Amino acid sequence: MEYILVEQALPFTIPISPCNNFVDEVDSLPPSAPPNTGEQSSAEWVRLIFHDFITADVVAGTGGLDASIGFESERAENIGKHFINDTLTFFDVFVNAYVSLADMIALGAIMSLRTCSGLNAETELKVGRIDATKAGPSGVPQAFTDLTTTLATFETAGFNQSEAITAVACGHSLGGVHYVNFLSIVGEDVVTINNTDGVSTFDSTPDVFDNIVIKEYLAGTGKCGGPLVIGSNVTTRSDLRLFQSDNNLTIKSLLSPDDFHTKCGYIFQRMIDTVPTAVTLSEPVVPQKWKITTYDYQLRQDGTLSISGNIRYLCDLGLNCPAPSTLSYTFATLNEPTGTFSTLPLPTVQGRVPGDTCGSFFSTDAPFFGNFSSYCFSNNITSSTTAIIVQNEYSYPLFPSVFVAQSDSSIAQTITIINDTSFVLNTTLKLSAAALTWIVKDAKTLDVVFYQKGPGPACQQSVSNIFNMECTGITESEGSLERLGTVGEYTIFTGTQTWVGGAGLQAVQVGYQGVWSMSVATLGLVLNTTVV
1 MEYILVEQAL
11 PFTIPISPCN
21 NFVDEVDSLP
31 PSAPPNTGEQ
41 SSAEWVRLIF
51 HDFITADVVA
61 GTGGLDASIG
71 FESERAENIG
81 KHFINDTLTF
91 FDVFVNAYVS
101 LADMIALGAI
111 MSLRTCSGLN
121 AETELKVGRI
131 DATKAGPSGV
141 PQAFTDLTTT
151 LATFETAGFN
161 QSEAITAVAC
171 GHSLGGVHYV
181 NFLSIVGEDV
191 VTINNTDGVS
201 TFDSTPDVFD
211 NIVIKEYLAG
221 TGKCGGPLVI
231 GSNVTTRSDL
241 RLFQSDNNLT
251 IKSLLSPDDF
261 HTKCGYIFQR
271 MIDTVPTAVT
281 LSEPVVPQKW
291 KITTYDYQLR
301 QDGTLSISGN
311 IRYLCDLGLN
321 CPAPSTLSYT
331 FATLNEPTGT
341 FSTLPLPTVQ
351 GRVPGDTCGS
361 FFSTDAPFFG
371 NFSSYCFSNN
381 ITSSTTAIIV
391 QNEYSYPLFP
401 SVFVAQSDSS
411 IAQTITIIND
421 TSFVLNTTLK
431 LSAAALTWIV
441 KDAKTLDVVF
451 YQKGPGPACQ
461 QSVSNIFNME
471 CTGITESEGS
481 LERLGTVGEY
491 TIFTGTQTWV
501 GGAGLQAVQV
511 GYQGVWSMSV
521 ATLGLVLNTT
531 VV
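By the UniProt record's numbering, the letter at position 355 of the sequence shown is numbered 355, and the numbering carries on one by one without gaps.
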């Protein structure tokens, strides 16, 4: 998640930067100019956490932010289901063996608030959420829900009256209500050639996370709080009922921009941190100054072991801390904890370098966090190497006793055309690994674990639910590699595994009798596609 926050922040924030952008589930990136439908990804991302979280029962320890919303897009309370399907389809690209969909929902809300406010918001990202395997209880408050029921729902989720008001007011700083989805709330008169879905916004700045919605509501100016306050249908004035339930005391406490951002940040933190009792969230994810972002071991035919990869340097936003002109690093071993330092020059190329086999050199901005540079290293090491040490400040553990040989592994996809409307896809992983011979001795096989993102055995096609949640979980399956021979201190194992379909392979890990390699993301493996 730290990697997505810093180095993948730019592609991840494309749908919400600028804040009035919109990415449809079938659209490709980058998005075109904001559509005339009035849809807005940033507002959808914020709405999603509320609809996922609000059916929590904190006493029972169930529900909360668990991605169960993916099973619930057909419910009447989630009308306008594209806000679920659009968002989860986009987030699913980033879900892998290490990152849950629920964590991505939390990150999406945080990024929306930061992008749309221009501030490094009060809300922090914690990870460790576990995706639900089925729908949660219904009960998301709707526009016609009475005040008593609404407040009771919030109370069950752990929020008192003032916190409930704050949550709704803060969330309704972005976006609006669409006529095409809510005919009883928004009048047809708002539909125009430039507003084809008939969006009626909550305030005059629907693409800025600010307290204008508060000011306009209290002053009776601009949008006056939007259609859930002043709509012609009194039954659906849910915001007005909620705001007035304490004589507007909570709303008035949000008049100051500083108070608005502080209190909204607190309330959003509460929402995204409401999780089932079985889940333990991490400490807040903090971008690291130094980080090994990628690395790969290579075992040559003469038995020499080498490692190559990237060392990232991050300068915090607003600080004068340019990347060092030269970087020093060393490899610690069991016999020599400090090692001998090598140096690398500061990259001179701005932006990513296509086709660079060692890794991409870049020196660029990281939204919200500053700018970062990446140094590419390549060195011979010994099998007793225990860590790489950077600038005498940062140490990253290495474990070359057992490893996946990424440069000798690959993925092949074969597409067999049946006719004009159908085809068969087969995915084959060719995997090579090495283990110290003194560990595996004369073993004939090496264990391997495959981490896959659906479709899997539990995946059931759903015609009604465009985003098929049954297909998003990470599953583990086991296999083995066959002994090939020895090279230097190592024994080489190879094998292939074929799946019908796309496989959804995310990572692999190899080991022997409890001695396991680091898991390796398969995204970095060579992919060959053949059409027959």
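FYI, nobody ran anything at the bench for these hints, they're computed from the structure. Accuracy of the hints is not assured; some may be wrong.
[Claimed, not checked] In silico lysine-lysine, BS3-like type, Cα no more than 30 angstroms apart, as pairs:
id, residue 1, residue 2
1, K252, K215
2, K444, K430
3, K430, K289
4, K126, K289
Keep in mind that this is a model prediction, so the values were computed, not measured.
Hints versus structure:
no. : hint         : result
1   : K252 to K215 : holds (9 angstroms)
2   : K444 to K430 : holds (18 angstroms)
3   : K430 to K289 : violated (36 angstroms)
4   : K126 to K289 : holds (18 angstroms)
In summary, the structure is inconsistent with hint 3 from the numbered list given earlier, while agreeing with all the others.
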